[in-house]
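J.: Listed here are the chains, written in short residue letters.
There are 2 protein chains.
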Amino acid sequence: MRDQRRVRHPALRGVALALLAVAALLARPALAEDGYELWLRYRPLPAAQATSYRAHATQLVLDAGTPTRAAARAELLRGLDGLLGQATGEAKQATRDGAIVAGTLASAPQLVPLKLDLRALGNDGFLIRSVTLDGHAATVIAANTDIGVLYGAFRLLRLVQTGQPLAQLDLRDAPREKVRVLNHWDNLDGHVERGYAGNSIWDWWKLPDYLDPRYTDYARANASVGINGAVLNNVNANATILRHEYLLKVAAVAGVLRPYGMRVYLSARFSAPMELGGLKTADPLDPAVRTWWRGKADEIYKLIPDFGGFLVKANSEGQPGPQDYHRSHADGANMLADALAPHSGIVMWRAFVYSNENPDDRAKQAYTEFKPLDGQFRRNVLLQVKNGPIDFQPREPFSPLFGAMPRTPLMMEFQVTKEYLGFATHLVYLGALYEEVLQADTYARGKGSTVAKIIDGELDNHALTGMAGVANIGSDRDWCGSTFNQANWYAFGRLAWNPAQSARDIATDWTRMTLSRDDAVVKPVVAMMMASREAVVDYMTPLGLHHLMGTGHHYGPMPWDASGARADWRPVYYHRADRNGIGFDRSRTGSNAVAQYAAPVAAQFDDLKQVPDAYLLWFHHVPWTYRMRSGHTLWEDLVAHYTHGVDEVKQLRATWSKLQGRIDAQRYAKTASFLAIQQNEAQWWRDASIAYWQSLNGLPLPAGQKPPARTLDYYKALAFPNAPGR
Amino acid sequence: MRDQRRVRHPALRGVALALLAVAALLARPALAEDGYELWLRYRPLPAAQATSYRAHATQLVLDAGTPTRAAARAELLRGLDGLLGQATGEAKQATRDGAIVAGTLASAPQLVPLKLDLRALGNDGFLIRSVTLDGHAATVIAANTDIGVLYGAFRLLRLVQTGQPLAQLDLRDAPREKVRVLNHWDNLDGHVERGYAGNSIWDWWKLPDYLDPRYTDYARANASVGINGAVLNNVNANATILRHEYLLKVAAVAGVLRPYGMRVYLSARFSAPMELGGLKTADPLDPAVRTWWRGKADEIYKLIPDFGGFLVKANSEGQPGPQDYHRSHADGANMLADALAPHSGIVMWRAFVYSNENPDDRAKQAYTEFKPLDGQFRRNVLLQVKNGPIDFQPREPFSPLFGAMPRTPLMMEFQVTKEYLGFATHLVYLGALYEEVLQADTYARGKGSTVAKIIDGELDNHALTGMAGVANIGSDRDWCGSTFNQANWYAFGRLAWNPAQSARDIATDWTRMTLSRDDAVVKPVVAMMMASREAVVDYMTPLGLHHLMGTGHHYGPMPWDASGARADWRPVYYHRADRNGIGFDRSRTGSNAVAQYAAPVAAQFDDLKQVPDAYLLWFHHVPWTYRMRSGHTLWEDLVAHYTHGVDEVKQLRATWSKLQGRIDAQRYAKTASFLAIQQNEAQWWRDASIAYWQSLNGLPLPAGQKPPARTLDYYKALAFPNAPGR
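Here the protein sequences come in this chain order: X and A.
10 is the number of the first residue of the first sequence in this note's numbering; add one for each residue after it.
10 is the number of the first residue of the second sequence in this note's numbering; add one for each residue after it.
Possibly wrong hints are sitting among the right ones.
The list cannot tell twin chains apart, which means a pair is met if one copy fits it or any two copies do.
Unchecked claim - Derived lysine to aspartate or glutamate pairs resembling EDC-like cross-links, with alpha carbons at most 20 Å apart: (1) Lys618 to Asp383; (2) Lys289 to Asp340; (3) Lys659 to Asp577; (4) Lys725 to Asp292; (5) Lys659 to Asp218; (6) Lys101 to Asp221; (7) Lys667 to Asp527; (8) Lys311 to Asp226; (9) Lys667 to Asp656.
Since the hints were made in silico from the structure, they are not lab data.
Note that this is a predicted model, so its numbers are computed, not measured.
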């Protein structure tokens, strides 16, 4: 206000005072960046950028006559107003240069003369093009459907958020997966299984009467990356969700999500006909059971005409299923598929099965169970396969089911919540993990048969395709428990839209949208993200080790644990370490899990000389003294990997600390605190693991390596009765 | 912006553009009123009001040399900047008219010449006075301690928020209770017992490494009403909180709360010496047990020098306690008091005890147990007594312990969370309930011996005094699950500071601070609040009925229930209704609970002609045909009360609906949704209760009364397996 005395113009003085008032307002902590906005963060651009964009956003022409187009209009106004610091005008047609004209050909007939070719866009695609319309320069967002218009609106905003030019646009995009769906492992009492971001966002108690505004923001965030469905309840399902009074609640949620192109799905408990219907069996071939499910489907579709369908975890970890009646998974899936088919609903049947009573290698069991069923599923069944053969470990080879069931559409199941990767606090960018899996070559139809091409239907000509992400979303203010966890939700959505995208590009977009458009922030942050996944592999489970975490809660290292209720829940089952060596022999001379892969892959994994270091101990049991490609012994390299993982986290912290002042204080401080936690826990993983391996192999630490900070007994005595997510 | 074309001055145009940008920014939903700000809502005042206040807030003179004074400075700047739309200047001394000068005499020596009389202010009091200082008109906030300065700062802001003049101030205030404390029934896994606002705000998992900014805002809110302590964990205590690694977490919370004058307390599990110390007993007279507790206290105070002390629920509802060793409650409390005394800590020992094995009226048991112990407690023990003899019902007579133990300081325990009053969604202003209890006359030392005068120490000359509120705070964005629940936290704090205050005045302040300064809002909202408590009594438990809610979850009516594990958990125990009559005979010819009150009170409650209608069925069993003062039969009046309760809720809805547009959309809509829920549930309470009473008494509905909407069987069949708060 030092210039205030020079202000003579009374109006200016009034404005200046008002500005000052507003400046004070903006300084208030209510405006703290608490992360709620996610990547839909429409803060004002620097003046020069805003000015240049304003020329391309002088007015909006969008007939908001449907809820979805109304959502597109609201989002464009919100985004443009915020980013460009303007009150974007609206018009019925382009009346000046710089209009944005959006719609389908039916809702925006002025687009018809442009003869846009929309055929290849399908239901969800859109084009964005710079054109001349009614004599004015305009940007067109066109699509075959309203939801395509909404997706296009979000894409236009992304262009502005990420600093792309709006001149001479000619962009068209359509999703490569049909079903892009989040799996909420949310229980009806609000607890989220393996959730580390508070309770469920679904307030079943107050539904259907109270519709939390958060549901709308959830839908906005999902639509912005193209996610078009949500399974609202845990795969370890409670039949109560299928009761009529709960279906009314589900319908209320569906009503909020619908304008954003999202369908609701439910996890169905296979034994529901007994629990709710009073039947004596849930045998999928029993006529009364089939009638019950058909009736239930009819009831659901009366309330929710666009209901997506069922997700089912059957005969897995104690859940009921068709095998309880000596029926196959196909029998079970098809029975539900038949109930849903009249309404165009689908079944997502999970392939995550393994049995303690089966003496065979757990990593082989899903393939063994499901491969023989190829071709036996109804057309509206997707088989939902976790990325690896065990369970969402920091690194696994791709599941051998990918490529092994060409007559069955396989759907990817990724985990977005970090059950095995440090819960809420560790910074681990999962885009890198997803990309590694999607780009893995199955050789199912020769070289280039990537997992991505299998799940997008290209390789085997499937029309029904999909990708599921186990959500990391909860009631925490920042949705995901940490700023960087938001990137995993974002990356999942982007890759579900198009599995061929680059994880680094996605990270770059996310950073620009979420944190800063300043390259001095974007470059180091993207580098942190891209380094983070290898770091967690190294400090937790390097060189192909897996499943060494604390039993039950999955927090921290417990490689010594042999106490689990089932052999295949015990870490010692997986590492098989003793005085002489370590690793699970899955080669031809071992469990022969390698044989489940296509020949070229099997040959590579089977051969000690060819297997990548990253999978060495996944597929082979080798002596501690085994000579690695590096020239060092296995023991030396193993310890080096652990130490490297810790050092990488130190580097993440150092990089982040240099960004202080370039990122708002609240989000800066939270990530800084979390990186400190991550460093401590990375050190703990390293030290506890090394202490245990040494207790077996009796080997001295390699030269230059620091000994564990504590004794093995100390680490063994740690207990975590209140670990979240259980 | 219709004037924009007239703007010629280029600077003005720039400013106008910036203003426009800011206006757009302000329209963004990130600024939606989600209730997080509570009553510390420093939104800009209308221009005329702001202008007049600015003359009294031209600069701030406050030496922020301690954390508490820094908090006072930050709050004043935040509040004044926000409310007055200015950037409040700061100075080392008053250099112009309108300065605010705040401090102790030591930190603001310029106040010394004013010869302010601070003696009566004590540790927590303050004065606010309009003075002339260094030749300038100034407003002084002075206190003996930094926390007094902070309290004074909040009071000054309240004056502005509620529209009081700042001229010619001469205000002094000091609390009448010493210990003003919230009881969090928060478990270490994050679940809040009887919490209806999400999970615990205490993130034990990430403590002590991550300090959620919410902890600071929690402390600000509490300090603003004078709450000076918090018991962080559930009275149904887990000994784990006393483990060293958890004490480090507690110390981290204490560090955040300390600048705001808040001490942390813990609920202590009586058997902790066995569970943590490996002792074979927790006998309070056992030397090893005493040594263990002394050591634990020493350990705590090393980490938290201002630790407040222990809250204990012993030999109550299954909790361990001294009676397990045939020792008295005094033995148990004194043992802990001795451990804490060297550090000036206190014990808050709960009097909430009752036993299923005791055949005597549950309402009598706490008195029977504790009255004989009067005078046997150490000087640093407070006996914490619930407001009524049963358990936080919509209405209870005051506990007969108030006034019955003159040699023991009794501390009030109010419930702020609405365990028995409709959970999060019902609008029930508890200020009215608190006031009714505090103003109740015990006649312990003759007329005028109000409960307020007992708990503030006046009646029996106690220096150690206190009031506890069972918190309604959780991780929900609006802290308390609803906007109006915030008023209950606020009212508790205000009454803990001074139990003589008027509930209506407090409601008025709260409404002005939280919702609007517009009388067109304030008057109807305060009327709603003041009517709401009698409404809930009427639709749930009119005329002295009590404890008729669903067993276990405490949701909804279940007067027919006789299935509870214990007789004294069964609704039928409390209403004793049959074909002929209803009510619990606690008169001299019944359980004689009336005899626990002072003679004049006992006489009134005992006499059917004198007992207030509100307590009729609490103290008397009467025929359905009993003729009431109104001239109607009991049955007629009972039904009329139920109906009246429902009608009152309809009226609340009608009043609220007229405020649409005068309150921000988000908070308006949430309350509107909740009032709809409340109306449905009030109707359910009425209808289910009437249906049940009719099934007993066979009486027709009084003329003009609508029959229940459903059959009794329908209401009996309802089940709520996922009710929150259990």
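J.: Hint by hint, work out which the structure violates, then give me just those numbers in ascending order.
T.: Those not satisfied are hints 1, 3, 4, 6, 8.
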